[in-house]
Structures are given as C-alpha cells and as structure tokens.
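Trainee: In order, the protein sequences belong to chains A and B.
According to our numbering, the first sequence is numbered sequentially starting from 4.
According to our numbering, the second sequence is numbered sequentially starting from 15.
No lab work stands behind these hints: they were computed from the structure.
Each residue gets a CB set at the ideal place from its N, CA and C atoms; glycine is no exception.
You can take every hint at face value.
Taking beta-carbon pairs under 10 Å as the criterion, some of the chain B residues facing chain A (in silico):
1. E162
2. S187
3. V193
Where chain B lies over chain A, by a calculated footprint (3+ residues, C-beta under 8 Å):
4. 10-17
5. 42-49
6. 62-68
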Amino acid sequence: MSGRWSDAELLERLLNDAEQGVAGRAPLDGEARARLVELERFLATCRSALGEEGAAASTSALAERVLGRTTREDLSWRGDLRLVGTYVRDRLRGSLLLRVAAASLLVHVAALPVLAYLAFFSPEPRVRIGFVPWEEQYPPPIVVEDEAPPRPLPVPEVHEEPAVLEIPADDE
Amino acid sequence: MKETWEDDRDPLAALREGDSGPFEAFVGAELPTFLGFFRRLGAGRAEAEDLAQELSLKLYEHATTYERQGRFAAYAFRVARNLWIDASRRSAGSRRRRERDPEGEERLDRLADPGAPEPGSRLARAEEARRLRAALERLPERHRLVFELGVMQGLPYHEIGSVLEIPVGTVKSRMFHAVRKLRASLGEDEEPRRGGVPA
Numbered sequence: 004m005s006g007r008w009s010d011a012e013l014l015e016r017l018l019n020d021a022e023q024g025v026a027g028r029a030p031l032d033g034e035a036r037a038r039l040v041e042l043e044r045f046l047a048t049c050r051s052a053l054g055e056e057g058a059a060a061s062t063s064a065l066a067e068r069v070l071g072r073t074t075r076e077d078l079s080w081r082g083d084l085r086l087v088g089t090y091v092r093d094r095l096r097g098s099l100l101l102r103v104a105a106a107s108l109l110v111h112v113a114a115l116p117v118l119a120y121l122a123f124f125s126p127e128p129r130v131r132i133g134f135v136p137w138e139e140q141y142p143p144p145i146v147v148e149d150e151a152p153p154r155p156l157p158v159p160e161v162h163e164e165p166a167v168l169e170i171p172a173d174d175e
Numbered sequence: 015m016k017e018t019w020e021d022d023r024d025p026l027a028a029l030r031e032g033d034s035g036p037f038e039a040f041v042g043a044e045l046p047t048f049l050g051f052f053r054r055l056g057a058g059r060a061e062a063e064d065l066a067q068e069l070s071l072k073l074y075e076h077a078t079t080y081e082r083q084g085r086f087a088a089y090a091f092r093v094a095r096n097l098w099i100d101a102s103r104r105s106a107g108s109r110r111r112r113e114r115d116p117e118g119e120e121r122l123d124r125l126a127d128p129g130a131p132e133p134g135s136r137l138a139r140a141e142e143a144r145r146l147r148a149a150l151e152r153l154p155e156r157h158r159l160v161f162e163l164g165v166m167q168g169l170p171y172h173e174i175g176s177v178l179e180i181p182v183g184t185v186k187s188r189m190f191h192a193v194r195k196l197r198a199s200l201g202e203d204e205e206p207r208r209g210g211v212p213a
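All chains, full assembly: derive it from the sequences and hints.
Mentor: Have a look at this one:
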C-alpha cells in the first residue's frame with residue numbers, strides 16, 4: 004500500500020534521515036519524489052542565500068580576542084593590563100554616558116595643574132587659599148534689644164474759647 | 015602541528031586533559047557559524063560578535079564541569095540558544111530586529127553587478143535572498159530557531175529537540191510551519207500537504 008507523503012514527512016526525510024543515516028523507509032512514489040526535489044531545491048536556495056551571514060564576516064580578530072582571554076591568556080602583569088584595557092574599551096564602546104563621564108574626568112584632570120599654577124605661582128594671586136575664622140566668615144547677627152513701648156508724647160492742654168465774631172457797629 | 019576541529023574530538027574534554035588544541039581549532043573554525051547563527055536569529059553585527067565571544071568564553075569556563083552527553087556541537091548550540099534567550103530578554107521591547115547592514119546590501123548589490131554574466135538571474139537571486147531574509151525575520155522565534163538549527167546547521171531532529179528542550183514531534187511541526195511560511199514568502203506555496211493516508 005502506498006501512502007501520500009506529507010510535506011512534514013518529506014522534510015524529515017531530507018533533514019533528519021540523511022543525517023541519521025536512516026534506511027528502510029518506504030520508497031516514494033513519483034509525485035512524492037517530485038515534491039522532495041522541490042523541497043530540496045528550496046532548502047538549497049535558503050542555505051545559499053542565508054549562509055553568507057557569518058561567512059562574509061572577518062572573524063580572525065574576534066578569534067584572537069577569544070583565545071587571548073582563554074587558552075592564550077597572558078598571566079603576567081601585561082596580561083592583566085591588557086585585560087583591564089579590553090574591559091574598559093568594551094564598556095566605553097557600549098555606553099554613551101560612560102564616554103561623556105570619562106571625557107569630563109579627563110578635562111578635569113587636565114585642568115587641575117593649570118588651576119594650581121594660577122593659584123600658587125601667578126604674580127598676583129587671584130585665589131587665596133587658607134582658613135578663615137568662623138567669626139570673620141559668619142559674623143554674629145545684629146542683636147536687636149527689645150525696646151520699651153514708647154511713652155505717649157506730652158500734649159499741652161488746649162483751652163478752646165468759642166470764637167466771637169466782632170462785627171463793627173454801623174455808624175449812624 | 016596545527017590541530018583541526020573534528021566533532022569526535024570533544025574540545026572541552028581535551029581542555030580538561032590539558033590539550034587546548036581542539037578548543038582553539040573549534041574557535042577558529044566555528045566562530046563564523048555562530049556569528050551567522052546569531053545574525054539570522056535577529057542580532058545586529060556588533061551584538062552577534064559579542065554573543066559569539068560570550069559563547070566561546072562560556073564554553074571555556076564550563077570545561078571543568080562539562081560532562082559529555084552526545085555531540086559537542088549540540089551542546090554548543092544549546093549554550094548559544096540560552097545566550098540568545100538571555101540577550102532577547104535583556105533587550106525586550108527595544109530590540110531592532112536587524113540593524114542596517116551596508117556590507118550585506120553591498121554584497122547583494124554585487125550579485126546584481128551589471129557587468130556580470132546573466133544580470134537578470136543575478137538580480138533575481140539577489141531579490142530572492144532579500145525576500146528570504148525578510149521572511150525569516152517575520153517568522154516566530156520558535157520556528158526560526160528550529161529552521162536555523164535544522165536547515166542551516168544541519169542538526170538532526172533529536173538534537174534539535176535536545177537543544178531546544180522540546181519533543182521531536184514539536185520539532186517536526188515547527189519545521190514544517192517554518193518552511194511553509196518561507197516558501198509562501200517566495201510565492202512557491204502550493205496547498206500544503208499535511209498528509210494522511212487516503213481512505
């Protein structure tokens with residue numbers, strides 16, 4: 004009895020049986036054999052088109068890096084230095100923030116001797132470095148004593164007289 | 015004498031015995047394989063290099079505790095797959111599936127070199143390769159892994175099952191679906207035959 008072969012079974016024949024060296028499978032009929040050939044061609048196309056992903060890359064430098072950290076590891080101080088350098092380089096390459104921080108550190112370290120020269124050796128020291136007494140730096144605050152409430156001002160007595168209008172008499 | 019990498023000379027077992035030759039040969043010979051593996055799964059060039067390097071270092075570090083169970087290639091791919099899963103989780107949600115690959119596109123363009131013989135077929139092949147790459151990226155990761163290990167790396171089904179920790183039946187099913195979807199992307203898909211014995 005011949006059965007119809009599914010694509011999954013044909014794929015298994017192509018991919019699994021050849022690798023496993025499986026023998027004794029039922030022979031394929033003409034139609035199944037044609038589909039097997041199509042599948043084989045398609046898989047060959049895939050391998051050809053996709054197989055260049057890794058092959059084209061230059062891996063010798065990568066292999067050297069790997070071996071330098073494994074079987075050919077330098078156990079002397081040079082190897083330690085190289086390891087630290089590789090680590091720092093990899094971390095810097097992977098983080099923009101770290102690169103900015105490293106650049107800032109370099110600028111500060113480079114600027115420090117310049118500032119020190121200006122501070123200590125310029126003719127007119129622009130910077131005075133020393134200790135300022137606490138009282139001079141922070142003078143005590145002005146203490147305002149509580150004043151007695153103001154006394155009322157003396158006000159002289161005022162006698163008010165009603166004002167009388169003197170109307171001159173008419174001369175008759 | 016230059017050592018060669020052969021599957022029956024387990025590099026890690028040799029390392030434990032003090033012989034670093036097989037491991038060095040393995041690294042030299044198989045780094046492009048793993049680079050391609052990670053690239054086809056969706057890693058960019060720099061990330062694929064980092065992962066391939068991390069894989070080699072992990073294998074080296076595991077030499078002291080390694081116990082041979084089956085082929086070394088299957089063990090190495092198992093470690094590679096775990097590294098890929100960890101990397102995917104670390105960058106989940108922010109991963110670009112593939113960074114632009116100017117060299118790859120240039121390679122494809124060279125295939126379409128107008129000075130080469132039969133430019134029509136070269137262009138068609140370049141276009142086919144481009145569509146295949148795009149289709150592979152669209153595959154679900156579980157299908158892409160099975161396709162990669164079975165078709166590109168040539169592992170048998172039971173080793174794929176061992177690497178991915180899935181039954182062989184699942185491997186068959188995922189391989190079928192992966193190939194069907196890829197063929198559909200190239201317009202080759204006829205009605206897929208799921209099989210069954212005719213009544």
